[in-house]
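Residue numbers (the working numbering): 9 to 486.
Errors might be hidden in some of the hints.
Computed Cβ-Cβ distance ranges for the label pairs, DEER-style [what the hints assert, rightly or not]:
1) Gly354 to Ala169: 32 to 42 Å
2) Asp393 to Val319: 33 to 43 Å
3) Arg206 to Pro476: 30 to 40 Å
4) Pro433 to Lys395: 23 to 33 Å
5) Ser359 to Glu330: 13 to 23 Å
6) His285 to Phe477: 17 to 27 Å
7) His285 to Tyr161: 27 to 37 Å
8) Arg117 to Ala169: 30 to 40 Å
9) His285 to Glu196: 56 to 66 Å
10) Phe477 to Arg117: 21 to 31 Å
11) Lys68 to Glu308: 47 to 57 Å
12) Tyr110 to Arg206: 45 to 55 Å
13) Ile383 to Tyr110: 43 to 53 Å
Note that these hints are calculated values from the structure, not bench results. Bear in mind that the values here come from a model prediction, so they are computed numbers and not experimental data. No residue lacks a Cβ here, since even glycine has one placed at the ideal position from N, Cα and C.
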Amino acid sequence: MKRTKISALLQMIPQGQMVNLKGWVRSFRNNQFVALNDGSTLHNFQVVLNMKAVGEGMLKRITSGACISVTGSLLASQGKGQSAEVMAKEIEVLGDCDPEKYPLQLKNRPSLEYLREIAHLRFRTNTFGAVFRVRNTLAYAVHQFFNEKGFVYLNTPVITASDAEGAGEMFRVTTLNIKNPPLNENGEIDFREDFFGRSTNLTVSGQLEGELGAMALSEIYTFGPTFRAENSNTTRHLAEFWMIEPEMAFYDLNDNMDIAEEMLKYVIKYALEKNNHDIDFLAKRAEEEEKQKPQQERAEMGLLEKLKFSVEHDFARITYTEAIEILRNCNHNKKKKFQYLVDSWGIDLQSEHERYLVEKHFKKPVILTDYPKAIKAFYMRQNDDEKTVRAMDILFPGIGEIVGGSQREERLEKLEQRMRECNLPIQELNWYLDTRRFGGCPHAGFGLGFERLVQFVTGMGNIRDVIPFPRTPKNAEF
RNA sequence: UCCUUGGUAGCUCAGCUGGUUAGAGCACAUGACUGUUAAUCAUGGGGUCCCUGGUUCGAGCCCAGGCCGAGGAGCCA
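Input sequences plus hints: build the corresponding full structure.
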């Protein structure tokens, strides 16, 4: 008999029809009621069995975590917790689960930290089931959004030879024998003998290659893994993460902000509709967690409120210069409550400053633009004031920077001048500069940290809990 | 990498001023139970107190070094 997913069973009208369902046992009560979950939805489905008919041998095998297949009739439930249930006629154990050895005991309320240690099993919890269903929806929505807009999904290389992108420390890729590498005349490692005939790394950004695509296809986006070998130990950094990088010809900074804001709202709204049960559950979970915190640290809005608010209101848009003025004149600064006081133009904003702007002053997502050029990357377009660049960062409550982007410098001389100032090897990036030499045009783009987006929508506090198998310093298990 | 903080049963935690045999809840095992909702009830087993060294008559507790986790900072998405 063909299997029916639990998500589909819940939609059916129970009329005693025969159905088959398969899934993992969440709990077994009174030797009679099995709560079965197959991951198609947050909800479990209740299977009722006749303990005498089933037999003691089979009864003992229905343990928490076991995988079973049940065939029986779909009936209206006599109990209160659910509207329908399956009266089992046939039960098959697809996979036994020894309860004494099974590390995931759901009734123990295992901590997120513990579940991270058994990441191969944590999908079987309500929380992680919900998180990864939402993650899937968000990924799908990103593709759908760009597809509707006529963007071309472009795959940029994971292995790159360029180490001049300046986005962070890189992981080396090599097939050389690290115990005994070949050396050149100067006694240095001879990468001519390496697999690619040169030194290579894992990508820290697909942006430069993305720009090349945009200079012909007009609008492209990438969505792929990105690697940074920074020794970052925070709730919002991973060594391996997924980044979405759109790059658009003929867009200026305003167009860039418009499409970034539109996209964020689109995907959040999409998830709110598609995964409302999961997000409701995650919202309750987040609320429980908030209650553990001291009153002062609690967020003013719940997860659902926060998501709906973000979708319904315009993001605040201010320049770096305006932000400095707000911060300099705010009571918080005057009372010297910032660890780093805001006194002069040109300073890099600290997390506490960004958080103040987003969480206290505007109380909604904020787009900061036109940063001093000294604190931003070489490829950002210089403003006429010679001091600032057409950068934009989108800051979200609780997460911080979720998007970083800019209008790109399309003027060859200005770009080369910046590269010299930043000590970048112009020769190595000749292919990049060619787009400015041959039919260049104004263009813009941004990078969106996918896991940070998933964090925002799921309300999960730690980025390690929104990617199946997190890679962080000293951790690459599974 | 820096600052703060933690590591005690399978899990979540308590453990007083350094003192005899280290506790609880849940989980697990055994038994009971045909309308349960984290089922319930009874009984039972279960410990490298993170590691190494030191102080002490005596260390889960004090000291030093290390390992690992969490929160914050920096770097950023």
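Against the structure, the hints:
no.: 1; hint: Gly354 to Ala169: 32 to 42 Å; result: holds, 35 Å
no.: 2; hint: Asp393 to Val319: 33 to 43 Å; result: holds, 35 Å
no.: 3; hint: Arg206 to Pro476: 30 to 40 Å; result: holds, 33 Å
no.: 4; hint: Pro433 to Lys395: 23 to 33 Å; result: holds, 26 Å
no.: 5; hint: Ser359 to Glu330: 13 to 23 Å; result: holds, 19 Å
no.: 6; hint: His285 to Phe477: 17 to 27 Å; result: holds, 25 Å
no.: 7; hint: His285 to Tyr161: 27 to 37 Å; result: holds, 29 Å
no.: 8; hint: Arg117 to Ala169: 30 to 40 Å; result: violated, 49 Å
no.: 9; hint: His285 to Glu196: 56 to 66 Å; result: holds, 58 Å
no.: 10; hint: Phe477 to Arg117: 21 to 31 Å; result: holds, 23 Å
no.: 11; hint: Lys68 to Glu308: 47 to 57 Å; result: holds, 51 Å
no.: 12; hint: Tyr110 to Arg206: 45 to 55 Å; result: holds, 49 Å
no.: 13; hint: Ile383 to Tyr110: 43 to 53 Å; result: holds, 51 Å
Comparing the model with each numbered hint stated earlier shows that hint 8 is the single one that does not hold.
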